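Trainee: These protein sequence lines are chains Y and H, in that order. For the first sequence, the positions run 0 to 418 when numbering that gives the first Met the number 0 is used. For the second sequence, the positions run 0 to 418 when numbering that gives the first Met the number 0 is used.
There may be inaccurate statements among the hints.
[To be verified] With a straight-line Cα cutoff of 20 Å, these simulated SDA-like cross-link-like pairs (lysine to any residue) come out:
| hint | chain 1 | residue 1 | chain 2 | residue 2 |
| --- | --- | --- | --- | --- |
| 1 | Y | K270 | Y | N380 |
| 2 | Y | K157 | H | K157 |
| 3 | Y | K395 | H | L101 |
| 4 | Y | K230 | Y | Q246 |
| 5 | H | K322 | H | E333 |
| 6 | H | K395 | Y | G132 |
| 7 | H | K235 | H | I31 |
| 8 | Y | K53 | H | T386 |
| 9 | H | K53 | Y | D398 |
| 10 | Y | K125 | Y | E112 |
| 11 | Y | K270 | Y | I255 |
| 12 | H | K157 | Y | D398 |
| 13 | Y | K78 | H | A197 |
| 14 | H | K53 | Y | K395 |
| 15 | Y | K1 | H | K322 |
| 16 | Y | K99 | Y | D74 |
| 17 | Y | K395 | H | K157 |
If you are wondering where the hints come from, they were derived from the structure by calculation, not from laboratory data. What you are looking at is a predicted structure, and each value in this text was computed from that prediction instead of being measured.
Protein chains: 2
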Amino acid sequence: MKAAIVTIGDELLIGQVIDTNSVFIGQQLEAIGCSIVEKVAISDSEDAILEVMKRFQNQMDLVVITGGLGPTKDDLTKKTFARYFNDSLELNHEVLEHVKKLVERIYQRPISEVNIQQAYLPSKCKVLFNDVGTAPGMLFKKEETTYVSLPGVPFEMKYLVTNGLLPYIKNNFHLNAIVHTTVLTVGIGESLLSETIALWENSLSSIGIRLFYLPQPGLVRLRLSAIGTDKVQLTKQVHDKIEELKQLIPENYIGISAADSLMEEVSNLLKLNQLTISTAESCTGGSIAKELTSLEGSSVYFKGSAVTYATESKVELLGVQPKTIEQYSVVSEEVAREMAIGAKELFQTDLAVATTGNAGPLKGDSDKKVGTVCIAIATNNEVLSFTFDFGQPRSKVIDATVSKVWFLLYKQLSFKERV
Amino acid sequence: MKAAIVTIGDELLIGQVIDTNSVFIGQQLEAIGCSIVEKVAISDSEDAILEVMKRFQNQMDLVVITGGLGPTKDDLTKKTFARYFNDSLELNHEVLEHVKKLVERIYQRPISEVNIQQAYLPSKCKVLFNDVGTAPGMLFKKEETTYVSLPGVPFEMKYLVTNGLLPYIKNNFHLNAIVHTTVLTVGIGESLLSETIALWENSLSSIGIRLFYLPQPGLVRLRLSAIGTDKVQLTKQVHDKIEELKQLIPENYIGISAADSLMEEVSNLLKLNQLTISTAESCTGGSIAKELTSLEGSSVYFKGSAVTYATESKVELLGVQPKTIEQYSVVSEEVAREMAIGAKELFQTDLAVATTGNAGPLKGDSDKKVGTVCIAIATNNEVLSFTFDFGQPRSKVIDATVSKVWFLLYKQLSFKERV
Chain Y
0 MKAAIVTIGD ELLIGQVIDT NSVFIGQQLE AIGCSIVEKV AISDSEDAIL EVMKRFQNQM
60 DLVVITGGLG PTKDDLTKKT FARYFNDSLE LNHEVLEHVK KLVERIYQRP ISEVNIQQAY
120 LPSKCKVLFN DVGTAPGMLF KKEETTYVSL PGVPFEMKYL VTNGLLPYIK NNFHLNAIVH
180 TTVLTVGIGE SLLSETIALW ENSLSSIGIR LFYLPQPGLV RLRLSAIGTD KVQLTKQVHD
240 KIEELKQLIP ENYIGISAAD SLMEEVSNLL KLNQLTISTA ESCTGGSIAK ELTSLEGSSV
300 YFKGSAVTYA TESKVELLGV QPKTIEQYSV VSEEVAREMA IGAKELFQTD LAVATTGNAG
360 PLKGDSDKKV GTVCIAIATN NEVLSFTFDF GQPRSKVIDA TVSKVWFLLY KQLSFKERV
Chain H
0 MKAAIVTIGD ELLIGQVIDT NSVFIGQQLE AIGCSIVEKV AISDSEDAIL EVMKRFQNQM
60 DLVVITGGLG PTKDDLTKKT FARYFNDSLE LNHEVLEHVK KLVERIYQRP ISEVNIQQAY
120 LPSKCKVLFN DVGTAPGMLF KKEETTYVSL PGVPFEMKYL VTNGLLPYIK NNFHLNAIVH
180 TTVLTVGIGE SLLSETIALW ENSLSSIGIR LFYLPQPGLV RLRLSAIGTD KVQLTKQVHD
240 KIEELKQLIP ENYIGISAAD SLMEEVSNLL KLNQLTISTA ESCTGGSIAK ELTSLEGSSV
300 YFKGSAVTYA TESKVELLGV QPKTIEQYSV VSEEVAREMA IGAKELFQTD LAVATTGNAG
360 PLKGDSDKKV GTVCIAIATN NEVLSFTFDF GQPRSKVIDA TVSKVWFLLY KQLSFKERV
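Start from the sequences and build out the full structure, keeping to the hints where you can.
Mentor: Shown next as C-alpha cells:
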C-alpha cells in the first residue's frame with residue numbers, strides 16, 4: 000500500500016511553522032504497514048492542490064492532506080475537493096449540530112458565520128466526525144486512489160487519524176505485515192560502523208529488510224524494518240540477522256531497544272529499578288527536565304530541577320562552594336559534581352545529573368572555551384564527571400549535552416560494568 | 000525567482016526525524032526574496048531523486064536538495080547528480096586535503112575510506128567548501144534550473160547555506176524586493192478576526208500583499224508579505240494597509256512586532272527595561288526556562304528556575320506553605336502565587352513566573368480537573384494569578400501553558416494599562 004502526505008500552507012514553505020503533522024501521520028501509517036512514498040508541502044492555492052491531487056491520481060493508494068491552521072484554510076481544501084470530485088458543497092446538518100454544540104460548550108459563545116461554513120461539505124464525501132474541534136475530516140475515493148482531508152490543528156488531526164483514518168484503512172485496505180526492531184550500538188561512529196557491517200547490510204536488502212542509521216552522540220541506533228506477508232517469518236528473519244550483527248560487532252552491540260528514544264529507555268530503566276532522579280542544569284537551562292516531564296507518569300521518578308543559570312544561584316540553591324568556582328571556574332567537573340550532589344540532596348533523589356558549560360556564542364562567567372560542557376552524575380554510591388567539547392553553534396551545544404546526558408544515564412543504569 | 004526544497008531520507012517519510020533543515024532553508028530563501036513553491040520529502044532511492052529533479056527541470060529557478068544524515072546518504076545524492084548531469088565522479092584533491100585536515104583536527108583519527116569517498120565529486124560541479132564538516136556542497140546549472148546539494152547534518156547545512164548558497168544566489172539571480180511586517184492583535188479569535196477584516200484582507204491581494212494568520216493562545220499575529228520591484232513603495236503600501244487595519248480593530252490592534260515569536264518579544268522587553276526574571280515550574284517542567292535560555296545572551300535577564308515537580312519540593316525550595324497546599328490543593332492560584340514569590344526571592348529577580356497544573360492524563364497530587372493550570376506572575380509591585388482549562392492531551396496542556404506565559408508576560412511588560 001503506497002501513501003503520500005500533502006501539507007498545505009505558505010507558512011510551511013517559508014519556514015514559519017515546523018511541520019509536525021506530517022511526522023505524526025507518517026509514523027502512524029508506517030506502523031500499520033503503509034509505505035510512505037512522498038511527503039509534499041504546497042502553497043495555499045487551489046491550483047497547487049489540484050496539481051498535486053492529479054499527480055498522485057492512481058499512483059498512490061492513499062493521499063492524506065492536511066490544511067493549515069484555521070477555518071479559512073479548511074475552506075480552501077473543501078472547495079478544491081468539491082471541484083476535483085465534480086461535487087458541490089451542501090450543508091451537512093449532522094455536522095452543523097455537532098459544531099454548534101462544541102462551540103457552545105468549549106468556547107462558550109454562539110456559533111459564528113465561519114463555523115456555519117464549516118458544516119458545508121462536498122455532498123458525496125464520507126465525513127470523519129471531529130469530536131475535539133469544529134473542522135470535520137473528509138474522505139473520497141476516485142478510481143484507485145483514496146483522498147483524505149484532515150484539519151491542520153495538531154490535536155484535531157491526531158484525533159481524526161486515530162479514530163477515523165486508521166480504522167478506515169484497516170477495514171478497507173489489505174495491509175502488509177511489518178516488523179521494526181531497533182538495535183543499540185556504542186563506541187563506534189557511523190562511518191566506521193557502516194564500513195564494518197557493509198556486507199551484512201547488503202545481505203539485508205536481498206531479503207527485503209531495510210536498515211536505517213540513527214546516530215546520536217556516543218551511540219548509533221540501527222533500525223531494521225521488514226515488510227512482507229508473514230509476520231512470524233519476518234520476525235525470525237530479523238532476529239537471525241541481529242544474531243549475525245552481534246557476532247560482527249561484539250564490543251559495540253548493546254541490545255535490542257524497546258523505546259523510541261534513549262530518553263525513553265532511561266525513563267523505563269528508572270521505573271523498572273524504582274529510582275528517582277533530579278537535575279541541576281546550567282547550560283541546558285531546563286531542557287533535561289522538560290524532556291523528562293514530557294512523558295506521562297514522569298512524576299513517579301522525576302522530582303525536580305534546579306536551573307541555576309546565574310553563578311550565584313549555584314551557590315545559593317545547590318550549595319556549590321564559592322572557592323570551588325574560584326579555583327576551577329564555573330565550567331568545571333568540580334562544580335558539576337557539587338551541583339549534582341546539591342540537587343541529589345535538595346530533591347532527595349537516588350540520582351542527580353548536573354550540567355555546566357559555555358553554550359556560547361559569548362564566553363560568559365568562565366574562562367573555558369566556548370562549547371566546553373561538564374556533566375556530572377551523582378548516584379547513591381558514587382559521583383561521575385565528564386568534560387566535552389561540543390563546538391558551536393549554541394543550539395548544537397545544548398542538544399548535544401542533552402543527548403549525552405541520556406547516553407551517560409543509560410550506560411549508568413543498564414550496563415554499568417562497561418562504564 | 001521560484002525555488003523548491005527537496006529533502007531525501009526514509010527517516011523523514013516515516014516520521015522518525017523532524018525535518019528542521021527545510022524550515023531553515025525556507026526561511027533563508029524567502030528572506031532574500033525567493034518564492035518557495037514546493038517542499039518535498041522523498042525516499043533514499045536514485046529513482047525517486049531523478050524523478051523529482053526531472054519534474055522540477057525548467058519549472059523552478061532553484062532546487063535545493065539536502066541528503067539524510069551520514070556519508071552513505073551523501074554518496075547516493077552525488078551519484079545521482081553525476082548521472083542526471085551526464086558527469087562522472089572524480090577525486091577532488093582540494094576537497095580531499097580539506098576533509099583530511101578536518102578529520103585529523105576534530106575527530107583526532109586518520110582519514111577513513113568513507114571520508115576519502117567524500118572527496119569524489121561530479122567533475123563539472125561547482126564545489127561549496129564545507130569548513131565545519133566532511134561533506135561538501137555541490138552546485139550545477141542545467142538549462143533554466145540551478146540544482147544545489149547540501150549535506151543533511153543541520154549545522155553543516157546551515158553553514159553552507161549562509162556562506163555558499165546565499166552569496167551565490169545574490170550574485171547570480173535577479174531578486175525581488177521583499178517586505179514582511181507582522182502585526183500583533185489580542186482579544187479576538189481567528190474566526191471572528193477573519194470575518195471582521197474580510198474586506199480589508201481582500202483588498203490586500205489586489206495589490207500583491209499576502210496575509211498569514213499566526214494564531215497563538217490569546218492572540219493572533221498577522222503577517223503581511225509584499226513582493227515587488229520597489230522596496231520603498233512596498234513598504235509604504237504595507238504601512239498604509241496597517242493604518243487601515245488599526246481603524247478596523249482599534250480595541251485589538253497592539254502594534255508592529257519586531258521579533259519572530261512572542262517569547263522573543265518578551266526577551267527584548269526584558270532587556271530594554273533591564274529587568275531580570277526567574278521561573279518556578281511545575282506542570283511545564285522546565286519548558287519556560289528552556290525557551291528563555293535558547294536565545295543568545297539570555298543570562299543577562301534569566302537567572303534560574305526551580306522546577307518543583309514533586310509537591311514536597313515546592314515547600315522545600317520555594318517556601319510554599321503546606322497549609323496553602325492543604326487548603327487550596329497544589330493546583331491553585333494560591334500555590335502558584337507563593338511559588339512565584341518564592342522564586343523571585345530565591346533568584347533575586349524583578350519578575351518571577353510560576354506554573355502549577357494537571358497536565359494529565361492522570362490526576363496527580365491535586366483534585367482539580369485534568370487540564371487545569373494556574374499561572375502566577377510576581378513583579379516588584381504586585382502578584383497576578385490566573386486559572387485556565389487547557390483540556391487534553393498532555394502535550395497540548397504544556398504547550399498552551401508556555402504560550403500563555405509569554406502572552407501574560409508580554410501584556411505585563413508592554414501594555415500594562417490594558418491588563
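Trainee: If you test the structure against every hint from before, which numbers come out violated?
Mentor: 2, 4, 8, 9, 10, 14 and 15
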